Structures are given as C-alpha cells and as structure tokens.
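Now for the letters of each chain:
Protein chains: 2
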Amino acid sequence: MKINAQRLLDNLQRYAKIGEAQKTGVERIALSEEDREARDLLKQQMLEAGLEVLIDRIGNMIGIRKGLRDVPPVTMGSHLDTVYQGGCYDGALGVLAGLEVIQSLNDANVITEKPIALINFTNEEGVRFAPDMMGSHVFAHPELLDEILESPAYDNAQDTVGSRLKAIGYSGDMPCGSMEPDSFLELHIEQGPTLELEKTDIGAVEMVQGIYWTLYTIKGQANHAGTTPVPYRKDAGYAASEVMHYIGDYSRKANSQVLTTVGTISFEPNAINIVPEKAGFTLDLRSVDYEALKQGQIDIDQKIKAVVQAVGLSLEREEMVRFAPVQFDKEVVGLVADEAEALGLSVKRMPSGAGHDAQMMASVCPSAMIFVPSVEGISHNVKELTHPVDLENGTNVLLNAVLRRAGED
Amino acid sequence: MKINAQRLLDNLQRYAKIGEAQKTGVERIALSEEDREARDLLKQQMLEAGLEVLIDRIGNMIGIRKGLRDVPPVTMGSHLDTVYQGGCYDGALGVLAGLEVIQSLNDANVITEKPIALINFTNEEGVRFAPDMMGSHVFAHPELLDEILESPAYDNAQDTVGSRLKAIGYSGDMPCGSMEPDSFLELHIEQGPTLELEKTDIGAVEMVQGIYWTLYTIKGQANHAGTTPVPYRKDAGYAASEVMHYIGDYSRKANSQVLTTVGTISFEPNAINIVPEKAGFTLDLRSVDYEALKQGQIDIDQKIKAVVQAVGLSLEREEMVRFAPVQFDKEVVGLVADEAEALGLSVKRMPSGAGHDAQMMASVCPSAMIFVPSVEGISHNVKELTHPVDLENGTNVLLNAVLRRAGED
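Just so you know, the protein sequences line up as chains A and B, in that order. Those letters in the first sequence? Residues 1 to 409, by this note's numbering. Those letters in the second sequence? Residues 410 to 818, by this note's numbering.
No wet-lab data here; the hints were simulated from the structure. This one's a predicted model, so the numbers in the text were calculated from it and none came from an experiment. Take the hints with a grain of salt, since some may be wrong.
[Claimed, not checked] Here are a few chain A residues that sit away from chain B, every Cβ distance over 10 Å (derived from the structure):
#	residue
1	Glu20
2	Glu33
3	Asp40
4	Gln44
5	Glu150
6	Ala153
7	Thr194
8	Asn255
9	Arg286
10	Gln302
11	Lys330
12	Glu331
13	Gly353
14	Val364
15	Gly377
[To be verified] Distance condition first, Cα-Cα at most 35 Å in a straight line; then the derived DSBU-like pairs of lysine-lysine:
#	chain 1	residue 1	chain 2	residue 2
16	A	Lys294	B	Lys687
17	B	Lys452	B	Lys432
18	A	Lys278	B	Lys452
19	A	Lys234	B	Lys687
20	A	Lys253	B	Lys628
21	B	Lys643	A	Lys348
22	B	Lys714	A	Lys303
23	A	Lys23	B	Lys703
24	A	Lys278	B	Lys757
25	B	Lys575	B	Lys426
26	B	Lys475	B	Lys411
27	B	Lys452	A	Lys219
28	A	Lys234	B	Lys712
29	B	Lys757	A	Lys219
30	A	Lys253	A	Lys23
31	A	Lys17	B	Lys687
32	B	Lys643	A	Lys253
33	B	Lys662	A	Lys305
34	B	Lys643	A	Lys199
35	A	Lys303	B	Lys792
36	B	Lys475	B	Lys608
37	B	Lys628	A	Lys219
38	B	Lys703	A	Lys278
39	B	Lys792	A	Lys305
40	A	Lys305	B	Lys575
Where a beta carbon is used, it is the ideal one built from N, C-alpha and C, also for glycine.
This is chain A alone, in the form it adopts within the complex:
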C-alpha cells in the first residue's frame, strides 16, 4: 500500500507558510501564535479525517481513528514546534506523515483491528520553555505536570507554560498519560549527514544517544594584558582554551565512543587588552554507550580540575542535562527495517544523535523511529532540506509498519 505523495508534499508546504522564515524556513516557537495557527489547522484536518480529537493537560493533541477492537492504539507522532529560524521538516514531517497515513487508510477504506492514534506533542524543541521534549516527557511522567505548567519563558518570566496553553486555547482536560498506546512510531529527518553520505534510503533507529550537558565557569583574575608578566597571571581564558582543546581531541582519538562539542563560550570582561577573569563554556557529550558516556564525563572533569588547580583558578560546574542512552524496542525496529526492505528501500540500523519524543515514549510502550536523509545533514536551520522522494519513502514505511502492527481487517 502507498500514500498520496502529492498530498503529503502540499500539506508540508501549507504548514511551512505558518511562521515562514527566510522563504525556505519556519519559525514556529512552541505556544506562540504561530503554534496556535498550526494546531488549529491540524485539529481541523484531524476532524475532517474522522478522528476523535483529544487535548491533554500539557496541550498534546491526540487524534484517534477507531479500530475494530477497543484496545490500545498503534500511535504515531512528533511535533509542530520549531527552533528560531528552523526548517520545515524537523517535527512537522512526523505529524503530517501520520496524518497522511490516516488519510491514505481512509481513501482505501481500510479498517484496522487496533485503533490508530496520531499525537502532536507540545514543545519538543524547548526554545522558550524548559524542559525540551516537554509533551512526551509529561505523557510518560504525568506526576511532573504541575511543576512544568509553572515553567517560565526564558525571555519573559510572566509567560508560563500554563498561561500560554490557556492563551492559545490548548489547555485541555484529558489527564496526561491516560491513553495507553500499543506502540509508538516517529518518522523524522536524520538531522545528520550519514544516510545521505552512505546513499541509504531509510534509517531504522535502534536507540538514542545519551546526552550530558554541563556548563563550566573558570574564574581567575582580570589583569592588564600589557603590564602583567605571565607568572603573575590568573588567565581564565587560557585555562579554558587548554580544556577546550582537550575536549575536542577527546572525541577525535582513535576508537573514541563519544561525541564532544563546545558550542558556547563567553569571556569576562571580554576586552582585547585585559586578561580574562572569567571563562564560561558548555560541554555537549554524547554516546550510544552508557559506560563510555559516564567515563568521558569523568575524564573531562578530571582534566578541567587539573588545569584549574595547576594555576590557582577556581571552577564552577553546573549539570544542565543528564539523559542516559535509550534503547528502542527490537520488535518495532525490526518491523521498520522489514517494511522498508519490502518496499525495496535500503536500510541502515543506526542510533539517533539528537533527542526525540520517541525516547520519552520508549518508557511507555514499544517504540522506534524511522529516519530519512537530510541534505548535507543541515538542520535547525532554514536551509534544512529532505528530498521529496525521501519524504515519500519514509511515509510509506510508516504506513506499512503501522498497518502491519494495527492489523488489517
């Protein structure tokens, strides 16, 4: 069975206009007016497709297509929110492909044994409100709801998740996590270069890398760059450069099992002729191997402490994120790979480097992800692009995997 590719592409274009940025991109921040507009359109399309539409208390939108039996639904989903100046596929593809699957089943008058559900999760990106993957996180951990509803916007403490949900009309009354899915499948763009470089059609995602984010602040003393001999300096910037160099080398060693990135840095006072008093930088450390992840963190922490102590500086360290690697369900991963092969597509079993709603759902029900190639691996960027044939292939894999799992009449 095949989806209607033209309808899918047209629909992706329709949503890309909501929050359009720099012609090819989208800026549709979670809980913004643009988010409301996209949600309103999705709700209308869900109703037109005959779905029962439920909104839970964290604003997740759940559309249910009845099956022959009253059992847990086979569930698809992703998110409609984006980063600032983002692309039009990250998130939206998983939601709109799910809608296309339902429309295609409707077109073919297919009735499944199990119900099928489609979820648009709230605030996956976390750009204005922490934490990210918010909707799926609360779906899996309803006990966090009250606390997260109080979460303030980074840019305006008056705005909370709860107040913005009310403002855009998506503060629902369905208890979070009250629906028990049979399974969960998320179609997503890879956001990395591997599938394209290896000329592979489909990624059957077996796991999500573990992610540790840490903010380090090294403190020394500001001194005049021209008048302070080297032995008298407490140069926080020089210490930071040594550590950052070590961090970069750490993932470039042969057989390294981790990825390291220093993505942000700031010096104080940040003046050309003043020795930096303070240097703050972040470490993004990832691995598919939990032991390697923990050991990498230990090694890097030890190096920083040694550098800082050697020159009489001080160190502050803030753990921002600690996600262990998540394994997806072997059976559901196998289903994705089988259905892709049955469609004549090439498949690579691979990890996800980025975090996704599916990793939260993995603690609720058997879950997996389907990746399609990203041109040049570019994402979180208005230049984000996945070729139409890949959008179509991924959606066909989703359709057939869901159909197999839900059981045809």
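Given the coordinates of chain A, work out where chain B should sit on it, guided by the hints.
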C-alpha cells in the same frame, strides 16, 4: 624641594568625585559630561595657578607658566579620561601631579629659565572613540586632525569626536602641534605588579613595549552536535581552542620575549548543541624587542593558517593596531633616575607594558615617564590603588626633574 602632599591627595579626591563609580572608582569617559566637568575644574585651577590656558583643535588643554626666557617649555601631562568603571589614578595622577608641581613652584616663588607647560590630553583611553591616545597622537601628527574629528562613537554613530568637543565646549582654535616642547615627562601608575613585588619606589621608564592587536575569525560550518560524526565536522570553535592554547603557551615558553593575551572571543551561533560555524578572537601581542614582536606575529599566524587549512576551514585576519616599541630619551630617563636617587628613593629602569601619551610625544621632543607602584598591579578597575606615599614620591621626582630641566633662576 618638595611638593605639598596633602594638597595633591585632596585634589585627587576632588576629581575622583567627578564620575564616581562604586565608591573607589571613576567612570569619566572622554568627551562626556563628566569629562567636561573635570576639564572645567582643571581650567579654573590652571587659571588660579596663573597659567595661560590654551585649547587646541583636538581639545587638548595646555596651561603655560612663563619662564625667564621665551623658549620651548618643559612639559608635563597625561589625561583625565578613564575607561568604563575605571580607577582614580590612571591618567588623573599625571595631570594633577603636574598641577601640584606648578602650585609648589608658585608657593616657593620659583622662577625658571624655561617656561613650564601642563597638558591634559584628549581621549587617551579610546573607549568610545578610536584611536586611543588621541590627543597626543594628533599633537604629534596634526595632519590627522580632520579625519579624527569625524571619528564616530562605537555606541552611537551620530556622536563624533568633533561634535562632542563642541558639545562640551572644548573645540579650541589653537593649531594642533603648534607648541614645540623642550621635553615631555609623564608621571603614571605602573598598572602592573612589578614595582610592588620588587619593593621599588620609582620606575624610570626607558621604553614602551610594541603592541600588535589582531582580530582572527575562523569560519567553518554549523552542524548538529548530536548527529554530525567527527569526520564530517568543520568546527571553528575547536580550531580556535587549538590556536588559543598555542598562543598561551607561546609566551609561557622559557626565554619568551613576548607577552600574549587572548582577551576576547565569540562563537556563532553560540548554541550548546550546535558545532560553532564561526569563532572570532583577538590576539594582544607585546614585546620590548621589535624583532621578537615581529617573529611572534609570524609564528602565530603560521600556526593559525596550519590549523585552519588542516581541517578545511577559512580564516579572516584584521590588523587592528601595529605599534613598534618606542624608546624614550636616554638623557630624560637618566634625569628621572638621578632625581629619584637624590631623594633617597629606589629606582628600577623598566619598560612600560601599556601605551601612554608619552610614547606619542617621544616623536616630538625628548620624553620619558615616571612610574609609581600599583597595588597588586590592578588597573582599569575600580579597585585600582596607589599608596599615598608613592603618589607623593612620584610627584616629588616629577617636580625635581622638571625643575632641573627648566633651570632655576
């Protein structure tokens, strides 16, 4: 002969109130209202001390005490402007000590052979308007006047040097450089830790280090930190960290003849989970040895090019400042050392690590500087401090050196 130490200290305190910052500091940005207030007070005090007051076209204030002969004046001076959140001695000491010298000569009814002049130079710090050492620079190079009058403020292009000089009433009509000094002496705080650490009273400054400032911008490609394997990265931040580490090590090698500082850095997009696309940082390179300065710049440039080329990045390089080392006049330096020793003070012949108006005046007339100790070497900071006894000692050296050079009746 001795100065009136209490009057000097009281006067320093009086000026410290004009633009007072955090109780112990001063913020008196060049050409601001606070600068106007300090200039007005100085003009009044110059007139009360019987000086003829002239304002040149770049706003330098020149007060002249007649001598017996109509010959070039022995000249003292420094600047009343400060950096943001600066101290109350950097600059102000040299001007107010000069005023105290004249008041002391008046008190003792001393008439000198040569005239004596005191200059308050415009905008030595250069915090709002480029270039720094502006007043002395134009004094030495009057041909630059018209261009520099057009120089816009960093924070508001509507404000130019010329417009601000008019606004505060110090756009004078004396042609720049039209006064020919016999010699120039600047008393200044060391702004470094050497005199204090070596328990020395006076620095007889023989030269000013050469200064090269360079802005480097390394360009790579932004990529997702979780999904981009290391071989596919063009990480501008990692390349910058390797170069910065090299730069720091360069001046920490045994027998290094240079000082290196990376004082500023910026990443783009500066996001925790995005590989930096751009890394900009500055190099402050100094040496008393011109050959070592030039070789250091060559070595560092070569390292940067090698790092950037090895990983397929690109580089932009902007030369911001190129000052060769400046030698002061041997005779005037010797005069400073002799007069200090005659007063029973310990003296160290030393270079200046920072730039000063005296280095501009060195191309106009025989020049030198007198340094007094800075507590913990702290400067450009509200905690800047020089002990009263050192302020007094330095001013007494200035008095006696000027008196010797000007010739007593």
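Taking the hints in turn, this is what the structure says about them:
1. Even its closest Cβ contact with chain B, about 20 Å, leaves A/Glu20 beyond 10 Å, as expected for a residue assigned away from the interface.
2. Annotated as non-interface, A/Glu33 keeps its C-beta farther than 10 Å from every C-beta of chain B; the closest such distance is 24 Å.
3. The Cβ of A/Asp40 sits about 30 Å from the closest Cβ of chain B, beyond the 10 Å cut-off, so the non-interface label holds.
4. Once the 10 Å rule is applied to beta carbons, A/Gln44 is consistent with being away from chain B; the minimum gap is 33 Å.
5. A/Glu150, annotated as away from the interface, keeps every beta carbon of chain B farther than 10 Å; the closest lies near 23 Å.
6. At roughly 17 Å, the least C-beta separation between A/Ala153 and chain B is larger than 10 Å, which holds for a residue marked as non-interface.
7. The claim that A/Thr194 is not at the interface with chain B is violated, since a C-beta of that chain comes within 10 Å of its own (minimum 7 Å).
8. Listed as a non-interface residue, A/Asn255 keeps its Cβ farther than 10 Å from every Cβ of chain B; the least gap is roughly 12 Å.
9. Listed as outside the interface, A/Arg286 is inconsistent with that label: its C-beta sits roughly 5 Å from the nearest C-beta of chain B, within the 10 Å cut-off.
10. Annotated as non-interface, A/Gln302 keeps its C-beta farther than 10 Å from every C-beta of chain B; the closest such distance is 18 Å.
11. The non-interface label for A/Lys330 is consistent with chain B: the shortest C-beta to C-beta separation is roughly 23 Å, beyond 10 Å.
12. Remark: the non-interface label on A/Glu331 is consistent with the geometry, its nearest Cβ contact in chain B lying 25 Å away (cut-off 10 Å).
13. A Cβ of chain B approaches the Cβ of A/Gly353 within 10 Å, the least distance being about 3 Å, so the stated non-interface status is violated.
14. The claim that A/Val364 lies off the interface holds: its Cβ sits roughly 22 Å from the closest Cβ of chain B, which is beyond the 10 Å cut-off.
15. The non-interface label for A/Gly377 is inconsistent with chain B: the shortest C-beta to C-beta separation is roughly 6 Å, within 10 Å.
16. Among the hinted pairs, A/Lys294 with B/Lys687 is consistent with the structure: their alpha-carbon atoms are about 29 Å apart, no more than 35 Å.
17. This hinted pair checks out: B/Lys452 and B/Lys432 have alpha carbons roughly 25 Å apart, not beyond 35 Å.
18. A distance of roughly 41 Å separates the Cα atoms of A/Lys278 and B/Lys452; the hinted pair therefore is violated under the 35 Å criterion.
19. Annotation: proposed proximity of A/Lys234 to B/Lys687 holds, straight-line Cα distance about 27 Å (limit 35 Å).
20. For the hint pairing A/Lys253 with B/Lys628, the CA-to-CA distance comes to about 23 Å; that is within 35 Å, so the pair holds.
21. Between B/Lys643 and A/Lys348, the direct Cα distance comes to roughly 25 Å. Compliance with the 35 Å bound is thereby established for this hinted pair.
22. Restraint check for B/Lys714 and A/Lys303: satisfied, since their Cα atoms lie roughly 27 Å apart, inside the 35 Å limit.
23. Pair hint A/Lys23 plus B/Lys703 does not hold up; C-alpha atoms about 49 Å apart against a cutoff of 35 Å.
24. Distance hint between A/Lys278 and B/Lys757 is fulfilled; the C-alpha atoms sit about 33 Å from each other, no more than 35 Å.
25. The hinted pair formed by B/Lys575 and B/Lys426 meets the criterion: a straight-line CA distance of about 24 Å does not exceed 35 Å.
26. A hinted pair counts as satisfied when its Cα atoms are at most 35 Å apart, and B/Lys475 with B/Lys411 qualifies at roughly 21 Å.
27. Our distance criterion of 35 Å between C-alpha atoms is broken by B/Lys452 and A/Lys219, whose separation comes to about 43 Å.
28. About 24 Å separates the Cα atoms of A/Lys234 and B/Lys712, which keeps this hinted pair within 35 Å; it holds.
29. Simply put, B/Lys757 and A/Lys219 have alpha-carbon atoms about 33 Å apart, close enough for the 35 Å limit, and the pair holds.
30. Among the hinted pairs, A/Lys253 with A/Lys23 is inconsistent with the structure: their alpha-carbon atoms are about 41 Å apart, more than 35 Å.
31. Distance hint between A/Lys17 and B/Lys687 is fulfilled; the C-alpha atoms sit about 30 Å from each other, no more than 35 Å.
32. A C-alpha spacing of about 16 Å is found between B/Lys643 and A/Lys253, which places the hinted pair at or below 35 Å, so the restraint holds.
33. With a CA separation close to 23 Å, the supplied pair B/Lys662 and A/Lys305 stays within the 35 Å bound.
34. In summary, the hint linking B/Lys643 to A/Lys199 is supported, as the alpha carbons are separated by about 21 Å, within the 35 Å threshold.
35. Pair hint A/Lys303 plus B/Lys792 holds up; C-alpha atoms about 33 Å apart against a cutoff of 35 Å.
36. Restraint check: the Cα-Cα separation between B/Lys475 and B/Lys608 comes to about 38 Å, which exceeds 35 Å; the hinted pair is violated.
37. For the hint linking B/Lys628 to A/Lys219, the alpha-carbon distance of about 28 Å falls within 35 Å, and the restraint holds.
38. Taking the CA atoms of B/Lys703 and A/Lys278, the gap is near 29 Å; set against the 35 Å cutoff, the hint holds.
39. Between B/Lys792 and A/Lys305, the direct Cα distance comes to roughly 29 Å. Compliance with the 35 Å bound is thereby established for this hinted pair.
40. Proposed proximity of A/Lys305 and B/Lys575 is contradicted: the alpha carbons are some 55 Å apart, above 35 Å.
Violation of the numbered hints given earlier is confined to hints 7, 9, 13, 15, 18, 23, 27, 30, 36, 40; the remaining hints are satisfied by the structure.
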